[in-house]
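Top to bottom, those sequences are chains A and B.
Numbering-wise (the numbering used here), the first sequence opens with residue 1 and increments by one.
Numbering-wise (the numbering used here), the second sequence opens with residue 1 and increments by one.
What the hints contain is simulated information worked out from the structure, not anything from laboratory work.
All C-beta atoms in this analysis are idealised placements derived from N, C-alpha and C, irrespective of residue type, glycine included.
Please note: incorrect hints may appear among the correct ones.
Mimicking SDA-like on lysine to any residue, the simulated pairs with C-alpha atoms at most 25 Å apart in a straight line are [said to hold, decoys possible]:
{"hint": "1", "chain 1": "B", "residue 1": "K162", "chain 2": "A", "residue 2": "Q35"}
{"hint": "2", "chain 1": "B", "residue 1": "K15", "chain 2": "A", "residue 2": "H34"}
{"hint": "3", "chain 1": "B", "residue 1": "K162", "chain 2": "A", "residue 2": "A200"}
{"hint": "4", "chain 1": "A", "residue 1": "K187", "chain 2": "A", "residue 2": "V152"}
Label pairs and their in silico Cβ distance ranges [what the hints assert, rightly or not]:
{"hint": "5", "chain 1": "B", "residue 1": "D127", "chain 2": "A", "residue 2": "R6", "range": "31 to 39 Å"}
{"hint": "6", "chain 1": "B", "residue 1": "D174", "chain 2": "A", "residue 2": "N198", "range": "41 to 49 Å"}
{"hint": "7", "chain 1": "A", "residue 1": "A113", "chain 2": "B", "residue 2": "S14", "range": "40 to 48 Å"}
{"hint": "8", "chain 1": "A", "residue 1": "S170", "chain 2": "B", "residue 2": "R68", "range": "52 to 60 Å"}
{"hint": "9", "chain 1": "B", "residue 1": "R68", "chain 2": "A", "residue 2": "Q89", "range": "21 to 29 Å"}
{"hint": "10", "chain 1": "A", "residue 1": "A30", "chain 2": "B", "residue 2": "D174", "range": "20 to 28 Å"}
{"hint": "11", "chain 1": "A", "residue 1": "Q156", "chain 2": "B", "residue 2": "G47", "range": "35 to 43 Å"}
{"hint": "12", "chain 1": "B", "residue 1": "G144", "chain 2": "A", "residue 2": "E173", "range": "19 to 27 Å"}
These are the residues of each chain, in order.
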Amino acid sequence: MSQNWREERLPCGEELSDLVEQVVEGRGDALTPHQQRCQWCPVALEDVARLWGPLIDYRDAELEVPQGVVDSIVARVRNLTSLGWITLQRTSRGLTRVSGWLVAAVAELAADATPRVRRVGTSRGRVADTLSAAEPTGARERSATGGRAFEVGDRQAAVDLDVVTEYGASIAEVSERIRRNVRAEVKARTGLQAVEVNVAVIDVEGDG
Amino acid sequence: MESETGAGEAGLLSKARDGDLDAFDTLVRAHSAAVYRVALRLLGDAGDAEDAAQEAFLQAWRSLRRFRGDSSFATWMYRIVTNRCLNALRARRETAPLEDEGASPAPGPEQVVVARSEFTVLRQAIDDLTPGQRAALVLREFEGCTYEEIAEILDLSVPAVKSRLHRARVEVLDAMQGVR
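In isolation and in its complexed conformation, chain A is listed as follows (with noise of 0.2 Å):
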């Protein structure tokens, strides 16, 4: 015989969701006045406790987390954060700024969108999933180093980029279009001249 745990109440009345609660938070032992005098109570709790048991057993193998997922996470968001603010406006109302992020992930993603441009970056990581969503290409894999953006002036920015492309095609030529496209985009995206894009193609791909 066992106990449907949806029911709402014992047959004594008592609410099964507080026996349940009892037991889970570590009181199962300490009956109530009732609890001691009752024939439901006493069984319903020790099978909480019996049926609970693996789950302390579970967390109690807590999952130790490896300090190289900690480094990572370390050195990923550092190096993002580390990109910094470029000033848009500056008026005596106030200040406007786009972070290097934001303008270093509108130009992966314009490199990105380059024909003959394989990757950007090299590892895996995100740097903008507010522009990821909207995007349909595949952000996902586009990597936290791959792009850098960094003030010079106001409005004006310098762009880095790392790129993979495609064996076989004209370096000059893509990374030629490369600059185009991110000076356009980030333009049209954050309104900031992006004065100077440099390019470094970090490998070549073929086919397969």
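Please build the complex by placing chain B on the supplied structure of chain A, with the hints as guidance.
Same frame as chain A, but now just chain B:
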């Protein structure tokens, strides 16, 4: 995590708010394991969890000026990462075909045998919870958050947290009844 911080953490936060990257680094290092753990338990994939943790800290960095310190930084981070994960799970469900939608098919005989191990059953039961129930259970049972903290993290009232937790616990008890 909260115990060792306190005053030191307030100092780090105010420095980070002024743009001190090293101060923020220290905060990220102190909280990344917890943030990652929650993401992993909610998303079930190590790569996704690391991405979620990164994005959560980035979001925190961006909105640091809005963090008034009404709750602890730990609770705030739980709130950010939990919401990100719940959104991701919601998006996942919208794109996936409705296979893991409530009515899972009755297990065949071979599945019953395979699923005998208690931990397997337990893990499955936790996986089968709705994302909202799973979040509450993970925060309470695995992260040790109080009801009040969970209410803050999930934007619920304390009674709503209690009832959500109860439903989650009932699912677990129900599943374990089959193997114990």
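Structure-based check of all given hints:
{"no.": "1", "hint": "K162/B - Q35/A", "result": "holds, 22 Å"}
{"no.": "2", "hint": "K15/B - H34/A", "result": "violated, 55 Å"}
{"no.": "3", "hint": "K162/B - A200/A", "result": "violated, 55 Å"}
{"no.": "4", "hint": "K187/A - V152/A", "result": "holds, 15 Å"}
{"no.": "5", "hint": "D127/B - R6/A: 31 to 39 Å", "result": "violated, 20 Å"}
{"no.": "6", "hint": "D174/B - N198/A: 41 to 49 Å", "result": "violated, 60 Å"}
{"no.": "7", "hint": "A113/A - S14/B: 40 to 48 Å", "result": "holds, 41 Å"}
{"no.": "8", "hint": "S170/A - R68/B: 52 to 60 Å", "result": "holds, 55 Å"}
{"no.": "9", "hint": "R68/B - Q89/A: 21 to 29 Å", "result": "holds, 27 Å"}
{"no.": "10", "hint": "A30/A - D174/B: 20 to 28 Å", "result": "holds, 25 Å"}
{"no.": "11", "hint": "Q156/A - G47/B: 35 to 43 Å", "result": "holds, 36 Å"}
{"no.": "12", "hint": "G144/B - E173/A: 19 to 27 Å", "result": "violated, 58 Å"}
Violated hints, in rising order: 2, 3, 5, 6 and 12; the structure is consistent with all others.
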